[in-house]
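Engineer: Build out the structure end to end from the sequences listed, making use of the hints.
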Amino acid sequence: MSVLALSRLQFGVTAAFHFIFVPLTLGLSLLVAWMETRYVRTGDELYLRMARFWGRLFLINFALGVVTGITLEFQFGMNWAAYSRYVGDIFGVPLAIEATAAFFLESVFIGLWAFGWGKVSKKVHLLAIWLVAIASTLSAFWILMANGWMQRPVGFVLRNGRAELSDLGAFLTNSAGWVTFAHTTLSGYVLGALFVMGVSAHHLLRRSQVPFFRTSFRMAAVFGLVSAVLVAAVGDQNGVMVAERQPAKLAALESFWESRSNAPFTIFLWPDPKNEKNAFEFLSIPSGLSLMAFHRAGAEVKGLREFQPGERPPVLPVFLGFRIMVGLGIVFIILTFLGWRKGRRGRLESSPAYLKILLYGIPLPYIAVQAGWLVTEVGRQPWIVYGVMKTSEGLSGSLQPGQVIASLVGFTIIYGLLAAVDIYLLARYSRANPEEIQLGAGQEPRKAEA
Amino acid sequence: MFYLITWFILWGVLWAVYFMLDGFDLGVGILYPFLGKDEAKRTAIRASIGPVWDGNEVWLITAGGATFAAFPSAYATLFSELYLAMLLILFGLIIRGVSLEFRGKGEAPGWRRLWDAGFFVGSLVPAFLFGVAFGNLFRGLPIDAQGSHGSLLTLLTPYALLTGVLFVTLFVTHGLLWLAMKSGAGLGETALRRARPAWLFSAVVAVGFLVWSALGTRLAGNYLDRPIWLAVPLLGVASLILIRVFVSKNRPLAAFLASCATIVFMVFTGFVGLFPNLIPSRLDPESSLTIFNAASSPYTLKVMTVVAVIFVPIVIAYQAWVYRVFRGKPSGTY
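Just so you know, the sequences run in chain order A and B.
Counting in this note's numbering, the final residue of the first sequence is number 450, and the numbers go up one at a time with none missing.
Counting in this note's numbering, the final residue of the second sequence is number 334, and the numbers go up one at a time with none missing.
You may find that some hints are simply not true.
Stated by the list, open to error - Residues from chain A that face chain B, not an exhaustive set, calculated with beta carbons under 7 Å: (1) Thr71; (2) Phe74; (3) Gly77; (4) Gln209.
Bear in mind the hints are in silico, worked out from the structure with no lab data behind them.
Just so you know, even glycine gets a beta-carbon here, dropped at the ideal spot from N, CA and C.
Structural biologist: Given below as structure tokens:
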């Protein structure tokens, strides 16, 4: 494989791996903050135990998110030096702001939260977890503004042989960044909610600590339902934007080859990129695609054949990724809705089949978010910055294949082992009895000082 | 020009503060197998840095991000040239971070040994390789108009290795003083006692580094042009001497602060010598990356200056406050 292919694979592996941990951090931090808020408001120890139990899982996951994030900060320079030189003037800005304005907040206050039980007052301790939760979302904002700029470059001029920032306002109001931010962050909230619901389902099936896990479940279900509906709404907006600005990506999403107006949406199909058509198509909704993409039945949708083969993204992964993401998104709305309704009616423990689906369904939101990234990033190919710079032009000039093979193998082995340990620990601590394993056990929060 | 100089200074400050802060917890990690003779001591050592190491490491992320935003060409050249060194640093930091998190999550002796080893290796490798990397930076990288002429082996020059040793020994001394300050009778006393030979070794290596830098690199030029800047290395040496004075007086906090100053001034010594270069070329001075040819546009630098002026003081304030919350000897674990 070439240095280019290896570097792309490495970026894909390290970014995808990082994004195993990020969405749970986003979702769980807010849930834990909400639990601790209820504790501080009501004084009910149940919520304190909840914050501690879920907080423990949060911390295991958080550590991996942090260490895998460091890699990404430096990989642009290591493997993508030409890219970094060309766009650093603008792309470096959100990364630097993320570190300064968000990541610091997150990392400093997570230390206070984890080790500060009994060191600070209840309210300050609560503030710490809220700062962690807000900083996580803020962190996502800056990173996704950077990503949004790669999808839809704005606010720059080509000058001095590179892209230079010319309009910070345009950069900060980039709709691609905002929509990606909303879509990604909300999907993290859904993942966090389904994680809590799945783990709670395990305990509810065993009738262990029922009040504890019933309450956890119900909080997560409300949070998850709201987020899942919003993810879909924002996703729809995202689709409209892609249709307008990245027609090749839209065509790949639907494996749509021939340009036409009143484009149908085909429910079952299989792409055949070699022959520039679909191997089969089954069940089409007339004008469905035009409606989805442009919210107008008569709108024309460009087919892949409009683009030179070298200008098209790989069709199969983008097409499959999109179907998987959207399908799972609908499933999550149904699951969280059922959870919310069953929780309200006190029917959770009497629905073992539903609980089992949630338990064994814990991997599903992970699959959905990875599929989503696949769609966005592979769908942007062959561009690294859409319409401005090709991925193949972004590589470091000094790299030898041996170096990248060494790093790719190294990352894969280390990350693989860490993933195994992480899953083992999360499973172990998820199954634990919250009475027995708690964060900061034996240290009661200090009473608020008068 | 104002922004270029501001960002050169900020660049130096970010790296110096990173080494000052992460320096002691990397040092603590290197000391861990030697001082952590039993389970209680190992727990105490880890607990001493538990609440703060994560926040310390963010200075590295910020230094990296700031390099990217303010000097994109320097960011690109530095990390692609130092590819394998940077890779090993990342592996080290990854393993170290998870070791600290995972260590307490199991009871089996094998489990504990594994993550204990990860904490040690993950501290030693980055400490040493950061030194090697900065040694190369101070001496210049083998780049010219055609690009790069380096490999991992060309990085391992004697001067760079000495800088690596300097970083390790300064961090070990720094870590000993941190432990002397943060741990109870047994461990704290041992750490303070060990700080004496560690200090002596640091002092010898530091003098060697300064002499070699003066004679064997181009760092001396700026000092010869403007001798006033000699104040920086002199302050470094003075702080180094103060460490020993405070160790003798049995004042670990003061000795630790002197050690902070030593690290900061040592890093500044290199940066003053570099100016206005960011990455000097050791093949062809014309190919050096400087604040003039590697910087972002004035507009970007202005935006970043506003960000830095607002957020850096806020960060320092809340980070200092968290240090204050955890002042004294740690009690519980989590």
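Engineer: Would you mind marking each hint as holding or not holding in the structure?
Structural biologist: Here is what the structure says about each hint:
1. Taken as an interface hint, A/Thr71 checks out: its beta carbon lies about 5 Å from the nearest beta carbon of chain B, inside 7 Å.
2. Using the Cβ-Cβ criterion of 7 Å, the hint placing A/Phe74 at the interface with chain B is satisfied: the shortest such distance is roughly 5 Å.
3. Hint status for A/Gly77: holds, given a least beta-carbon distance of 3 Å to chain B, under 7 Å.
4. About 21 Å separates the beta-carbon of A/Gln209 from the nearest beta-carbon of chain B, more than 7 Å, and the hint is not met.
When the structure is compared with the earlier hints, a violation turns up for hint 4 alone.
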